[in-house]
Amino acid sequence: MFERYRQAESLLQAGRFSEAAVEVAAIAAEEPSYQAVAALLLDARRGIAAQAKQAVDAGSALESGGDLAAALSQYERARQLDPSLTATESLIRQLRERMAKEGAQLYTRAKQYDALGRSTEAADLYDRVLKLLPSDDPNYGLAQARVKVLRSGGR
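Per our numbering, residue 1 is the first one in the sequence shown, and the count goes up by one each step.
Be careful, since some hints might not be right.
[Claimed, not checked] Beta-carbon label-pair distances, calculated as ranges:
#, residue 1, residue 2, range
1, Asp127, Lys53, 55 to 61 Å
2, Ser135, Ala28, 40 to 46 Å
3, Leu116, Ser84, 49 to 55 Å
4, Ala38, Asp127, 37 to 43 Å
5, Glu89, Ser135, 35 to 41 Å
6, Gly66, Gly15, 25 to 31 Å
7, Glu121, Gln7, 25 to 31 Å
8, Glu76, Arg6, 18 to 24 Å
9, Ala100, Ala38, 41 to 47 Å
[Unchecked claim] List time: in silico EDC-like cross-link candidates among lysine to aspartate or glutamate, alpha-carbon distance up to 20 Å:
#, residue 1, residue 2
10, Lys53, Asp43
11, Lys101, Asp127
12, Lys148, Asp136
13, Lys53, Asp67
14, Lys53, Glu30
15, Lys53, Glu89
16, Lys148, Asp124
17, Lys53, Glu31
18, Lys101, Asp67
19, Lys131, Glu76
20, Lys101, Glu89
21, Lys111, Asp137
22, Lys111, Asp127
23, Lys53, Glu63
24, Lys101, Asp124
25, Lys148, Glu121
26, Lys131, Glu121
27, Lys101, Asp57
Honestly, the hints are just simulated from the structure, not real lab data. All C-beta atoms, glycine included, are put in the ideal place defined by N, C-alpha and C.
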């Protein structure tokens with residue numbers, strides 16, 4: 001038990017709060033009164049909450065800077081770290097809606113450049129579309145196929 005407790009402390013010190021929480025919870029289940037297991041569990045949960053908040057803050061900064069795919073990744077990381085953070089669901093939903101709207105607009109522009117024979121610009125826009133649209137969007141597959149043709153020198 002002592003080794004497991006020390007391992008949990010080491011995980012906490014290393015900033016691996018989720019792993020520490022699992023270890024501490026297991027110790028608490030076996031011996032609820034073992035040393036300062038309750039305080040250690042609280043520290044792990046606070047660390048998880050802090051990491052989730054950092055992920056949300058990073059996501060907000062990335063979203064403000066226009067890197068929507070990276071922002072979504074950070075919001076999803078926050079949700080994974082702390083599912084009790086209810087704000088992340090709303091942030092994810094709103095960002096996905098924004099990405100779908102912007103992806104559709106870029107797809108329209110890409111098709112226009114494509115029709116004008118401006119292959120490089122069209123391919124660049126199709127690449128951006130692929131970063132914004134979900135893979136199950138019908139235009140995703142079309143953009144993917146079109147960028148492949150354009151990047152290989154086809155028309």
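Here is what the structure says about each hint:
1. Between Asp127 and Lys53 the CB atoms are about 32 Å apart, so this pair departs from the stated range of 55 to 61 Å.
2. Judged by the Cβ atoms, the range 40 to 46 Å given for Ser135 and Ala28 holds: they are separated by roughly 41 Å.
3. Checking the proposed 49 to 55 Å range against Leu116 and Ser84 shows it holds: the Cβ atoms sit about 51 Å from each other.
4. For Ala38 and Asp127, the hinted distance range of 37 to 43 Å is not satisfied, since their beta carbons lie about 51 Å from each other.
5. The given range of 35 to 41 Å is broken by Glu89 and Ser135, whose C-beta atoms sit roughly 21 Å from each other.
6. The hint said 25 to 31 Å for the Cβ distance between Gly66 and Gly15, and at roughly 29 Å that hint holds.
7. As the Cβ distance of Glu121 to Gln7 is approximately 55 Å, the hint placing it in 25 to 31 Å is violated.
8. Between Glu76 and Arg6 the beta carbon distance is about 33 Å. The supplied range of 18 to 24 Å is therefore violated.
9. A beta carbon spacing of about 45 Å between Ala100 and Ala38 agrees with the range 41 to 47 Å that was offered as a hint.
10. Of the supplied pair hints, the one linking Lys53 and Asp43 holds, its CA atoms being roughly 15 Å apart against a limit of 20 Å.
11. With a C-alpha separation of about 16 Å, the suggested pairing of Lys101 with Asp127 holds against the 20 Å cut-off.
12. With a CA separation close to 18 Å, the supplied pair Lys148 and Asp136 stays within the 20 Å bound.
13. About 19 Å separates the Cα atoms of Lys53 and Asp67, which keeps this hinted pair within 20 Å; it holds.
14. The suggested pairing of Lys53 with Glu30 is violated, with an alpha-carbon distance near 31 Å, which exceeds 20 Å.
15. Under the criterion of a C-alpha separation no larger than 20 Å, the hint pairing Lys53 with Glu89 is consistent with the structure, at around 13 Å.
16. Proposed proximity of Lys148 and Asp124 is supported: the alpha carbons are some 11 Å apart, at most 20 Å.
17. At roughly 31 Å between alpha-carbon atoms, Lys53 and Glu31 are farther apart than 20 Å, so this suggested pair is violated.
18. Using a Cα cut-off of 20 Å, the hinted pair Lys101 and Asp67 holds, with the two alpha carbons roughly 15 Å apart.
19. Taking the CA atoms of Lys131 and Glu76, the gap is near 16 Å; set against the 20 Å cutoff, the hint holds.
20. Restraint check: the Cα-Cα separation between Lys101 and Glu89 comes to about 18 Å, which is no more than 20 Å; the hinted pair holds.
21. Annotation: proposed proximity of Lys111 to Asp137 holds, straight-line Cα distance about 16 Å (limit 20 Å).
22. The hinted pair formed by Lys111 and Asp127 meets the criterion: a straight-line CA distance of about 12 Å does not exceed 20 Å.
23. Restraint check for Lys53 and Glu63: satisfied, since their Cα atoms lie roughly 15 Å apart, inside the 20 Å limit.
24. This hinted pair checks out: Lys101 and Asp124 have alpha carbons roughly 18 Å apart, not beyond 20 Å.
25. For the given pair, Lys148 sits about 14 Å from Glu121 by alpha-carbon distance, which is consistent with the 20 Å threshold.
26. The suggested pairing of Lys131 with Glu121 holds, with an alpha-carbon distance near 16 Å, which does not exceed 20 Å.
27. About 23 Å separates the Cα atoms of Lys101 and Asp57, which puts this hinted pair outside 20 Å; it is violated.
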